[in-house]
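**Student:** Listed here are the chains, written in short residue letters.
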Amino acid sequence: MAKAFRELLMVKRVIYGIAILTLLTALSLYVILFSPFEYDQISYNVRLPPLTRSDTTWPYIFGTDNLGRDVFTRTFYAFILDVSCGLAIVTLSGLVGLVIGLISGYLGGFVDLILMRLMDIVISIPGFMLAIAIAAVLGSNIVNAILAVVIVTIPIYARLVRSVVLSVKESLFVLAAKEAGLSDVRIVTRHILPHAIPIFITQATMELSNAIIYIAALSFIGLGAQEPTPEWGLMISMARRYIREAWWPALFPGLVMFLTVLSFNLIGDGLRDYLDPKKRLSFRVLG
Amino acid sequence: MAKNIFQYIFYRILQSIFSIFSAIVIVFILSRVLPGNPAVAILGPKATQENIERVTREWGLDKSYLEQFMIYISRLLRGDLGDSYIMGYSVSRLIAERLPASFELVIVAFIISLVLGISLGILAARKHETKVDLILTSLSVLSFSFPALLLGVLLLLFFGISLGLPVGGRIDPKYSIRIYTGFILLDTLLNGNLSAFLDAFMRIIPPALTLAIPLAGLLLKLSRNSVLEVMTQDFVRTAKMKKLSEKVIMYRHVLRNALLPIITIAGLYFAVLVTGDIVVETIFAWPGLGRLIWEAVTLRDYMVIQGSVLVVSIIYIAVNAVVDILYLYIDPRIRG
Chain A
1 MAKAFRELLM VKRVIYGIAI LTLLTALSLY VILFSPFEYD QISYNVRLPP
51 LTRSDTTWPY IFGTDNLGRD VFTRTFYAFI LDVSCGLAIV TLSGLVGLVI
101 GLISGYLGGF VDLILMRLMD IVISIPGFML AIAIAAVLGS NIVNAILAVV
151 IVTIPIYARL VRSVVLSVKE SLFVLAAKEA GLSDVRIVTR HILPHAIPIF
201 ITQATMELSN AIIYIAALSF IGLGAQEPTP EWGLMISMAR RYIREAWWPA
251 LFPGLVMFLT VLSFNLIGDG LRDYLDPKKR LSFRVLG
Chain B
1 MAKNIFQYIF YRILQSIFSI FSAIVIVFIL SRVLPGNPAV AILGPKATQE
51 NIERVTREWG LDKSYLEQFM IYISRLLRGD LGDSYIMGYS VSRLIAERLP
101 ASFELVIVAF IISLVLGISL GILAARKHET KVDLILTSLS VLSFSFPALL
151 LGVLLLLFFG ISLGLPVGGR IDPKYSIRIY TGFILLDTLL NGNLSAFLDA
201 FMRIIPPALT LAIPLAGLLL KLSRNSVLEV MTQDFVRTAK MKKLSEKVIM
251 YRHVLRNALL PIITIAGLYF AVLVTGDIVV ETIFAWPGLG RLIWEAVTLR
301 DYMVIQGSVL VVSIIYIAVN AVVDILYLYI DPRIRG
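Chains as they are written, first to last, in our numbering: chain A, 1 to 287; chain B, 1 to 336.
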């Protein structure tokens with residue numbers, strides 16, 4: 001395990017990803033602990049450009065928004081919120097998808113048929129569209145938005161895990177375990193699951209950035225977080241209205257969101273190439 | 001593949017019909033789990049008793065769910081998606097008015113990303129393991145991490161404020177253009193109005209680029225890897241031994257085989273375009289389907305939301321089926 005981890009760190013992209021994430025997390029913690037501004041603290045210092053001095057110990061690093069709130073403080077509160085939402089989505093839909101995939105692949109037959117048709121029904125509608133339809137019915141708040149994204153992303157994991165289960169189900173070691181009289185639960189958790197874990201984790205890392213984009217986009221169109229919650233999509237949506245007067249409240253949340261999504265993509269991409277020796281070769285240039 | 005080509009097409013179409021039916025079922029279920037009386041949700045907060053009774057009657061809301069579903073399906077088959085009582089039109093009319101704008105935007109974005117992505121991908125593959133390749137592949141990873149939210153804002157600021165070009169909407173309202181096709185670029189030309197065409201052209205570039213850049217990055221990476229993979233295969237080595245020129249090998253042997261997987265991916269990414277589309281159309285005030293969905297969400301107009309979701313899903317399913325069938329014609333190996 002430790003050796004595998006060291007080898008993984010040889011992939012430069014993973015290091016870059018982890019470095020950016022560490023930096024952003026450290027900044028967020030610093031902002032939450034030490035920022036002289038509250039994320040919802042309204043002031044008369046409306047639409048001040050970046051780096052304007054304020055009457056506190058900190059300048060307005062990213063400027064202020066239409067209500068005089070500090071964009072820097074809000075952007076990094078939003079980092080914690082959006083990444084937490086992403087993690088919650090990936091954890092929930094990943095676990096449900098994992099269980100469905102394991103059951104569907106291992107049992108096969110009628111159960112497999114029903115579960116997979118159910119997944120087919122969910123993916124018949126493009127994910128974001130379905131998320132909009134579900135969130136609109138449930139009502140606009142961030143918990144409902146998370147729920148909507150969880151529902152639409154379950155099939156990704158279920159199908160992935162099922163395909164791994166199908167590929168190892170007939171292997172000698174599984175047949176031997178059956179012959180030895182091990183219970184189904186034990187065979188699945190001890191002998192089949194470990195084969196699905198690496199590819200599952202890779203997919204989950206990639207999906208983390210998608211989940212963040214979904215949540216921000218839902219909030220942007222008004223189906224997620226509501227004012228005064230610090231959330232990137234919502235911040236950009238509000239700032240868009242007066243973008244000709246002030247560009248900073250729209251740009252900085254977007255930039256930090258981009259860095260976050262990029263770092264998860266870098267880690268996921270590196271993980272995938274690390275696990276696939278054929279790809280590792282063709283991507284040697286990128287490191 | 002032992003299956004006969006017509007059989008394959010038949011199954012693929014059957015599968016699409018199943019998908020469309022699933023989409024209808026989901027949208028129907030969602031429309032019936034709305035909080036409170038569905039008629040009130042459809043009509044909005046200002047519903048009159050008279051209207052509530054009419055909607056209840058029209059959609060059979062007092063009958064069993066099965067009967068409601070039959071009414072729903074029979075109306076759908078007649079192209080009737082219900083009425084938007086909030087926007088004051090039938091939903092199908094609202095969607096039909098907005099569809100050409102979205103199509104035009106997506107087509108322009110698609111062309112930009114195909115040209116940019118594939119040509120740069122081939123370049124990266126030919127300069128394999130050099131600085132050019134390194135820069136291009138890094139750019140591609142960067143570009144498909146660009147959320148439409150950031151890219152849209154950046155391009156809006158760049159084109160609209162730094163360059164001072166017209167941004168937002170499809171065309172300056174001062175031009176009166178006769179509509180023939182619904183595609184503004186074609187219509188302005190058909191009207192013979194060159195300055196209107198230029199205005200429309202400048203306005204479509206920033207939103208189209210916002211949609212195109214992430215997709216171009218993905219296509220770059222895919223076509224690069226695909227070309228590299230094909231170049232190591234036996235038939236390319238044979239072609240090289242036959243002393244064919246590099247150009248002939250590249251275009252006649254490598255590209256034809258390397259571009260196949262890219263076409264399928266491009267079809268799949270149609271859905272991604274649709275997703276980005278809502279954000280992009282909202283940022284650039286582009287009067288397409290995405291903007292309509294945003295307006296409907298803002299007004300809580302469930303009929304429009306559900307109608308649009310259904311229409312987009314059907315288009316998505318149809319596009320994927322067409323891409324799959326096209327793939328069959330292009331790749332002789334699958335045709336068997």
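Accuracy of the hints is not assured; some may be wrong.
[Stated by the list, open to error] Partner residues are not named here, just some residues of chain A that face chain B (Cβ under 8 Å, in silico):
| # | residue |
| --- | --- |
| 1 | 175 |
| 2 | 178 |
| 3 | 223 |
| 4 | 242 |
| 5 | 246 |
| 6 | 251 |
[To be verified] Some chain A residues flagged as far from chain B (calculated, every beta-carbon gap over 12 Å):
| # | residue |
| --- | --- |
| 7 | 44 |
| 8 | 99 |
| 9 | 129 |
| 10 | 209 |
| 11 | 233 |
| 12 | 237 |
| 13 | 260 |
| 14 | 263 |
[As the list claims (entries may be wrong)] Straight-line alpha carbon distances no greater than 27 Å define the calculated DSSO-like cross-link-like pairs of lysine-lysine that follow:
| # | chain 1 | residue 1 | chain 2 | residue 2 |
| --- | --- | --- | --- | --- |
| 15 | B | 242 | B | 131 |
| 16 | A | 12 | B | 131 |
| 17 | B | 127 | A | 12 |
| 18 | B | 127 | B | 242 |
| 19 | B | 240 | B | 131 |
| 20 | B | 127 | B | 247 |
Keep in mind that the hints were calculated from the coordinates and are not lab data.
Owing to the predicted nature of the structure, the values given are computational and were not obtained by experimental measurement.
Beta carbons: idealized from backbone N, C-alpha and C, even for Gly.
**Student:** Could you tell me which of the numbered hints above are not met by this structure, giving the numbers in increasing order?
**Tutor:** Violated: hints 1, 2, 4, 5, 9, 10, 11, 12, 13, 14 and 15.
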